[in-house]
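K.L.:
Fit chain B to the known structure of chain A by using the hints.
Each chain is listed here by its residues.
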Amino acid sequence: KQEVTQIPAALSVPEGENLVLNCSFTDSAIYNLQWFRQDPGKGLTSLLLIQSSQREQTSGRLNASLDKSSGRSTLYIAASQPGDSATYLCAVRISRLTFGEGTQLTVNP
Amino acid sequence: GAVVSQHPSRVICKSGTSVKIECRSLDFQATTMFWYRQFPKQSLMLMATSNEGSKATYEQGVEKDKFLINHASLTLSTLTVTSAHPEDSSFYICSASEPLDTEAFFGQGTRLTVV
Numbered sequence: 001k002q003e004v005t006q007i008p009a010a011l012s013v014p015e016g017e018n019l020v021l022n023c024s025f026t027d028s029a030i031y032n033l034q035w036f037r038q039d040p041g042k043g044l045t046s047l048l049l050i051q052s053s054q055r056e057q058t059s060g061r062l063n064a065s066l067d068k069s070s071g072r073s074t075l076y077i078a079a080s081q082p083g084d085s086a087t088y089l090c091a092v093r094i095s096r097l098t099f100g101e102g103t104q105l106t107v108n109p
Numbered sequence: 110g111a112v113v114s115q116h117p118s119r120v121i122c123k124s125g126t127s128v129k130i131e132c133r134s135l136d137f138q139a140t141t142m143f144w145y146r147q148f149p150k151q152s153l154m155l156m157a158t159s160n161e162g163s164k165a166t167y168e169q170g171v172e173k174d175k176f177l178i179n180h181a182s183l184t185l186s187t188l189t190v191t192s193a194h195p196e197d198s199s200f201y202i203c204s205a206s207e208p209l210d211t212e213a214f215f216g217q218g219t220r221l222t223v224v
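Going down the list, the sequences are from chains A and B. Per our numbering, the first sequence starts with residue 1, numbered consecutively. Per our numbering, the second sequence starts with residue 110, numbered consecutively.
Isolated chain A (complex conformation) (with noise of 0.2 Å):
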């Protein structure tokens, strides 16, 4: 069974600063690996995608790296703004989506 796991749980960094969410899986089979940001009471917002066979993908001041063989993604933001406050969420998907716990950020001004 797919277990995903998220470090740290929760994460306060003065704006400005550059800042790493770790995501780890244990079953490395994986089709791809998506990062999400959700703003309380609200839906998931895709931040980016990547697939098995991608290393990295940007978007932006976002950066997500994936080791598929490790079993390890790390999301990097850059420049951090107090607007970039939420929860994160990464999933991994073999025959469905599996979430870890999320990370939840506060950027404060």
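Hints are computed from structural coordinates only; laboratory data are not their basis. No residue lacks a Cβ here, since even glycine has one placed at the ideal position from N, Cα and C. Treat the hints with caution; some may be incorrect.
Stated by the list, open to error - Listed next, the in silico BS3-like pairs over lysine-lysine satisfying Cα-Cα at most 25 Å (straight line): (1) B:123 with B:175; (2) A:42 with B:123; (3) A:1 with B:150; (4) B:173 with B:129; (5) A:68 with A:1; (6) B:175 with B:164; (7) A:42 with B:129; (8) B:175 with B:129; (9) A:1 with B:173; (10) B:164 with B:123; (11) B:123 with B:173; (12) A:42 with B:150.
Unchecked claim - FRET-style restraints, in silico, Cβ to Cβ: (13) B:183 with A:19: 21 to 27 Å; (14) B:161 with A:7: 36 to 42 Å; (15) B:177 with A:63: 38 to 44 Å; (16) B:192 with A:60: 43 to 49 Å; (17) B:124 with A:58: 45 to 51 Å; (18) A:58 with B:211: 36 to 42 Å; (19) B:192 with A:69: 45 to 51 Å; (20) B:151 with A:19: 19 to 25 Å; (21) B:174 with A:20: 43 to 49 Å; (22) A:60 with B:131: 30 to 36 Å.
Unchecked claim - Simulated coverage check for chain A against chain B, where a stretch passes if three residues somewhere in it have a Cβ under 8 Å from a Cβ of chain B: (23) 44–55; (24) 85–97; (25) 100–109.
P.N.:
For chain B alone, coordinates are given in the frame of chain A:
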């Protein structure tokens, strides 16, 4: 990206009544949609996989007679919470992707409160 619309965003109902939640894929056809439940401060729990034109597949522990799923067209799946009770109060989210192993898109979620 593709858009998945979920309605309503919030609903309050009395115990014993039924509530229907709609999930629509607005700009693509979704043969398969997924329904999740999320408890406060927790991640998403897959409830069922909704298949167009056939019966939904429910996860272990999810009562199919309590949570009725209908996927009557390639753009619409509905989740009906029947005879709702306070313990059914939760945040319900649907998702769809096309094709199945590409990027998944999620609806806005529905906050159900049963009083």
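K.L.:
Would you mind marking each hint as holding or not holding in the structure?
P.N.:
Outcome of the hint check:
1. B:123 with B:175: Status holds; Cα separation ~15 Å.
2. A:42 with B:123: Given that 25 Å is the threshold and the Cα spacing comes to 23 Å, the pair holds.
3. A:1 with B:150: This hinted pair holds, its Cα atoms lying about 23 Å apart.
4. B:173 with B:129: It holds: about 14 Å lies between the C-alpha atoms, which stays within 25 Å.
5. A:68 with A:1: Holds, at roughly 16 Å.
6. B:175 with B:164: holds (15 Å)
7. A:42 with B:129: holds (19 Å)
8. B:175 with B:129: holds (12 Å)
9. A:1 with B:173: holds (23 Å)
10. B:164 with B:123: violated (28 Å)
11. B:123 with B:173: Holds, at roughly 21 Å.
12. A:42 with B:150: holds (13 Å)
13. B:183 with A:19: 21 to 27 Å: For residue 19 of chain A against residue 183 of chain B, whose Cβ atoms are near 40 Å apart, the range 21 to 27 Å is violated.
14. B:161 with A:7: 36 to 42 Å: holds (38 Å)
15. B:177 with A:63: 38 to 44 Å: holds (42 Å)
16. B:192 with A:60: 43 to 49 Å: holds (46 Å)
17. B:124 with A:58: 45 to 51 Å: holds (49 Å)
18. A:58 with B:211: 36 to 42 Å: violated (18 Å)
19. B:192 with A:69: 45 to 51 Å: holds (48 Å)
20. B:151 with A:19: 19 to 25 Å: This hint holds: roughly 23 Å between Cβ atoms.
21. B:174 with A:20: 43 to 49 Å: holds (45 Å)
22. A:60 with B:131: 30 to 36 Å: Once the Cβ atoms are compared, 32 Å apart, the range 30 to 36 Å for residue 131 of chain B and residue 60 of chain A holds.
23. 44–55: holds (count 4)
24. 85–97: holds (count 5)
25. 100–109: Holds: 3 residues of the region 100–109 of chain A have a Cβ under 8 Å from chain B.
The earlier numbered hints that this structure contradicts are 10, 13, 18.
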